[in-house]
Amino acid sequence: MTRRFAGLVALAAAALLSTTLQAQSPKNGGELVFPVPSEPPSYDGHREETFGLIHPIAPFYNTLLRVDPNDKSGTKPAPSLAESWTVSPDGLTYTFKLHKGVKFHDGSEMTSKDVKASYDKIIFPPAGVGSSRKGQYADVASIDAPDPMTVVFKLKEKSGSFSTSLLSPYNFIYKADILAKDMHWYEKNIMGTGPFTFVEHVKGSHVVGKKNPNYWDKGKPHLDSFRAIFMRDSAAQVAAVRGERAHIQFRGFSPAERDSIVSSLGSKVTVQESPWDCILMVAINHEKKPFDDKRVRRALSLALDRHQASQTLSKIAIVKAVAGVQVPGTPFATPPEELNKLAGYWTDVEKSRAEARRLLKEAGVADGFQFTFSNRGIPMPYEPLGVWLIDQWRRVGLNVKQEVIEAAAYYTPLRKGDFQVAMDFQCGYIVEPDLDMYKFLSTDRNPANYGRYKDPVLDKLYDEQGRETDPEKRKQIIRQFEKRLLDEEAHYLMTLQWHRIIPHSAKVKGWTVTPSHYLNNTLDTVWLDQ
Amino acid sequence: MGPYIVKRLLAMIPTLLGVAILIFVLLRIVPGDVVEARFLAQGSQFVSQDLMNEERAKLGLDKPLWQQFTTWFAGLARFDFGVSMWTGGPISEEIKLRFALSLQLAIMASTIATLLAIPLGILAAVKQDTWIDYAVRIFSIAGLATPSFWLGILMILVMLTVFKWIPPMVFTPFWVDPWQNLAQLIWPALAVGYRYSAVGTRMMRSAMLEVLREDYIRTARAKGLWLKLILARHALKNAILPVLTIISLEFAFLLGGLVVTEQVFNLNGLGMLFVEAIARRDYTLTQALVMLVATTFLLVNFFVDIAYAWLDPRIRYR
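Listed in order, the protein sequences are those of chains A and B.
Residues 900 to 1429 (this note's numbering) are what the first sequence spells out, left to right.
Residues -16 to 301 (this note's numbering) are what the second sequence spells out, left to right.
Excised from the complex, chain B in its bound form (with noise of 0.2 angstroms):
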């Protein structure tokens, strides 16, 4: 398991090179530029060429593709992240402010999809044909064509028609103020978990029915073992494995990308300062957040496959 653990880690190294790379190059070929969303943007006529060259020049972009890129990736190997092209502060402490949010966005949503879609599934799957099983479906079918961000704005017009009443529009850290905390994260968090829970729902389900008809099953049934010990026991850790790499590539993606979710709730979340960010062209900020969400995707990944060893025995790393 030892060797495997450093074997996959400095396996990221490569993977996370070329993310380096090709970031790098891609938002060099997108036109546009920071100092043109900076000043241009707003129709102003009084911007002189000279100054866009001198704040071209402050930025470092007047430089050599390859100059800039050595400096950027020197900086990145020493966990310095530089400085944003829009706002000149330090890129560590943009992150910073809006990972708080992310973060427990993405634990509220993934706890809601986790605690719907494992029993759910698993209630789907033994009560399998019986209306309860069809109620499940439409459930998760429902969730399945339904955006989070369209039930977020549904739900914001209910609250709004119905009780004339919006969540908080600023974020307050859940050890300030608890209550406004979950007064503002509890809805996104509902409309973004119900969407993922449908997944995992299904997922659950096939991969319960499918060990519900496992030998080893109907011999523990035959021995005349209670079906919830069974289930809990032994089918559950075997139908569980891919719906933990479902929620837990979910989870992930829910760090950075809940853009239009978080528009909809005005979270101020790093999806939103990865729209932003690219919508200005500020090349170190979106370089940054491609890195954070490439690293955090590669941990998720990694975290999961030793997951499967401990959650199955026959699963052996060398």
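So that you can see chain A by itself, here it is in the shape it has in the complex (with noise of 0.2 angstroms):
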């Protein structure tokens, strides 16, 4: 009996085995159809911001470094058009050693004048030429390109970022001829090196990509072609999914969307989860009174209880994990154990809320105190963690009224200061200190930061972090920055981590989901189980 028994398992495993090695191995063909939520306004990725540009135009391109497709965490760099790379001892100098044989779409060949042009654009961009990211990059002091296949970024300090920072999604790398005789040219046309041609773009409604059949690397892409079909709505996105007329849309669903999907389609779909690279924050503005007091704002931030939210809103909204500056479970994000230390982390919420009282009476705030909450008028997740958030500070005896502000005239007050306390937001391309902290830098280095302070002590962790190579050591002054931030000064609330959840039609494979709906969107190895 045990024997049959151990020959059933030995032959289970072995169909599994099997089956498992039949599923690994990618089949070619098939379109693979997507909505997405967001229509870029140009093509050209050095200028634009919007995730709406990434998902439908990446696949054209390829950059300098891209992060491994199969990289969960969204954070381990992989060769892409540099086949590999080295740094000087001294930190300073980072030479890329390009691929052979790669052409763009035009059928020229690709070499490190279009690296340099490319970047040049991004980094030194002339007059009249926008570029989002230039900020980024400013530590580069120059770019070369001393052979065809070599191109040498010099920078100007040591830094710990710069190789994760080639890692976005953005930075296309566009042919240097183009470029050399019309700036603008790639704002309204699309030519890149991908794994897919432009078929077209019918505004409002779809783009269109074809199979690269000259594709450098060689076997990929798997699909024939792709649709990118815009889609506002996010009930006409669930229901293109539901209605098997999508395979994925890459950007993320809501729990009860997933659960609708789900229970629709039963084993037709997969549902992949990540944290997500996004959070609401609490911007605090130090130029109002009590605010400017920090006993009020760490009470303000004694007064959330985090650990139940998380377990709570995350069945509603698109949110889970208690976070701090960093997204957890990458790298750099403190520990739970060592997070739950900082205020309005503890876990016992009632000490916590006891705490919040005191510090408001020792501040002089009286019991009933009201202010305006401003709130960002996007139902999901604004509006649920408004919600909460009122409810936690009402829990301390505050009265909060919530101001609700559409979408597109939100950042006004913001940015003038006209307000007290509000709804903030970050998000990024990829998980990396110096692009997530960037945002709480004094007011005089980052106008986003709508706390409107200034803090010398917290500016100087961030550029000894940014400088610092070893990942310890850097490790450590985050955490002394994240204790300052909110902590020590409470400068800045957060919320929740987002949470990505992407339920797909089984039938795509290839594709793993990370913490950024910004990566993963070239589709080379994307494939259809059909």
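For the record, the hints were derived by calculation from the structure and aren't laboratory data.
Remember, it's a predicted structure, so these values are computed and weren't measured experimentally.
Don't take each hint at face value.
Covered stretches of chain A (chain B as the covering partner; in silico rule of three or more C-beta atoms under 8 angstroms from a C-beta of chain B) [as the list claims (entries may be wrong)]:
| id | region |
| --- | --- |
| 1 | 946 to 957 |
| 2 | 1032 to 1043 |
| 3 | 1066 to 1080 |
| 4 | 1138 to 1146 |
| 5 | 1252 to 1260 |
| 6 | 1337 to 1347 |
Simulated crosslink set (DSS-like; lysine-lysine; CA at most 27 angstroms straight-line) [said to hold, decoys possible]:
| id | chain 1 | residue 1 | chain 2 | residue 2 |
| --- | --- | --- | --- | --- |
| 7 | A | 1012 | A | 1119 |
| 8 | A | 1406 | B | 41 |
| 9 | A | 1102 | B | -10 |
Ideal placement from N, C-alpha and C gives every residue a C-beta, glycine not left out.
The two chains are supplied separately, each in an independent frame; assemble them into the complex guided by the hints.
What follows is the structure in structure tokens.
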């Protein structure tokens, strides 16, 4: 009996292994259809800021480096147009060797001249040419192309994040000759080295790309084509996936939408989830009394029961993990047991709220003190988080009035400082402390710091961690930064980390969810099991 | 009739000028602009104030308001709508792309509304206070009480749950593939058409009841004319005037006002373009769309007035 059972187990294991191996072998063909909730204003990745550009346009391009498409943490660098790279001992020179035989869609060869021209446009744009990410490369002194297959970046100072910043999915490599003639050409035209070539863009409707038969990464892409359909309404996106008109939506669905798709499609759907590198924060205007008093700001944080909210709100909104300044589970994130020592992260909420009341009293804030909380007029997840915050603050005797401002008009009062306490938002294309913590620098260094404070200590810690190339030492500095930002000074309050939920057709293979909806959209590894 | 037509056409000019000033001013009063919507809405931290100022200058938003208005209005007078502040593409092309879908949907919905409203309204009036009248009244009141987008959601849910099917998501012109085209547009046309047929049915019924009580109808019946002939030749022509006004004005509204229905069925029409243009603070595109809708309303009103004269010989314009 035992032998027979063992035989059955072995047979089942062999069958499972065979199925797995079979499933892992990509099949060629088919068209991937996916809704995109936003449409790009132009095609120029160097200029735009929206995932609405990345999802339909990234498959036409390559970047110098990329995030490993199989890395769930979305932080591991992988070669793309650069096949290898070295860093000089002083950390100031980065040398990249390019892949040979890479061709643009017009048949011309891609060389270091093209990489240099593209990065010159991003980092040193001429007058009248917009570059949204110029500020991320302030440390770059020069870019050289000593031979057709080598690109050299020289930095002014050591940087712990420079190679990570090259993983930006927006940094498409354009053709130098075209840029030399017209720096704005790529705003209205598409021509890259990517796995797909451009077929059409019907404005407001869709973008179609077809397989690049001369793609340099042999054997890829697996799909014959893709069709990105612009669809603003999330109910329509859900219906598209449920009705099997679309395979996947790469941004994310809410828990209720996931459940609706799963209940309808059952085994025909696969769900991938990940913490999301987006977070809603509370900006406290330091220029308005009594919020200039750090005791009041700390009390606002201490009033929050983040641990309970993580369990309850995650059932109805796209939020989940309790987080500090880094996405939980990523290399520089603070472990939960350490994070729980910060004000507002204590597991004993009654003790936390008692401390909040004490601090408010000490700061002379009367019971029932009223203030206005400005929230952005976007339902998910602003609305549930706004309601939660107000409820939590009421529990320590604060009387909060919510003011909901239309999405497009939201940043006007924030930039002018015309608010008391407001919801603020940050979303990154990759989890990297330099990018994620820049938000909190003094207002003279970053006007997007809506807390409107100056904190030289925080600025110094930011600079120190950015220069530190030893990951362990860098982690320690980040911890100090986090403690000062969220606990000692309570300049900003974190709510909960967003949670990315991607229920997709089980036919879609070769795609891994990452913490950023800006990553993994080149589609070269994606295939359809049909 | 000739001078009246000229007078009416000339009267449109100050109306359109008023609309132009109003929409220009209103858009500038609303906080936020296209540059903020483009660069700040995604939560990026690295967009510098210099970049924002450069972009504003490129779009002419740094110029005085009167200069912005005169530049735009001078273009408008030459039928040049300019370029979209969001995409940089010509506005005429942005509108042209969506116009075919919106026009077809408006025609289909209006046709459905007319085909339902007129016969049902007449039937309810002729069979007043019978079960037929009650059934038509219930049908039309249900239509009035049901928003078309809600009906659209219901239709999609039923199709999804029962037939595991939803309409195509991309517009195919009728002349390219009639089946695909109708498979996408028939559902929103039914949802919207039913809603508007309800208004028309109620209007048709009450207008017909009123006409049927007129002396000339009584005389015609006394002379022994067939009821069908009385209805078609004498009653309908008079009763249809208010229904015609309602359906015509609704047609103008359908061209740019089907925002939610377009969203539900993911239709790339003018309604969605309108909402997106406002949300993105795309001043030039919003202004062009408002002018387009205002002109359509004025023209529809104008043609309705002309049709009145044709349908009712008692009406004479001098």
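Against the structure, the hints come out as follows:
1. 946 to 957: holds (count 4)
2. 1032 to 1043: n = 4 at 8 angstroms, threshold three: holds.
3. 1066 to 1080: violated (count 0)
4. 1138 to 1146: holds (count 7)
5. 1252 to 1260: violated (count 0)
6. 1337 to 1347: Result for this restraint: holds, n = 5.
7. A:1012 with A:1119: Given pair residue 1012 of chain A, residue 1119 of chain A holds - Cα atoms ~25 angstroms apart, limit 27 angstroms.
8. A:1406 with B:41: violated, 46 angstroms
9. A:1102 with B:-10: Distance ~39 angstroms between residue 1102 of chain A and residue -10 of chain B Cα, so the pair is violated.
Violated hints, in rising order: 3, 5, 8 and 9; the structure is consistent with all others.
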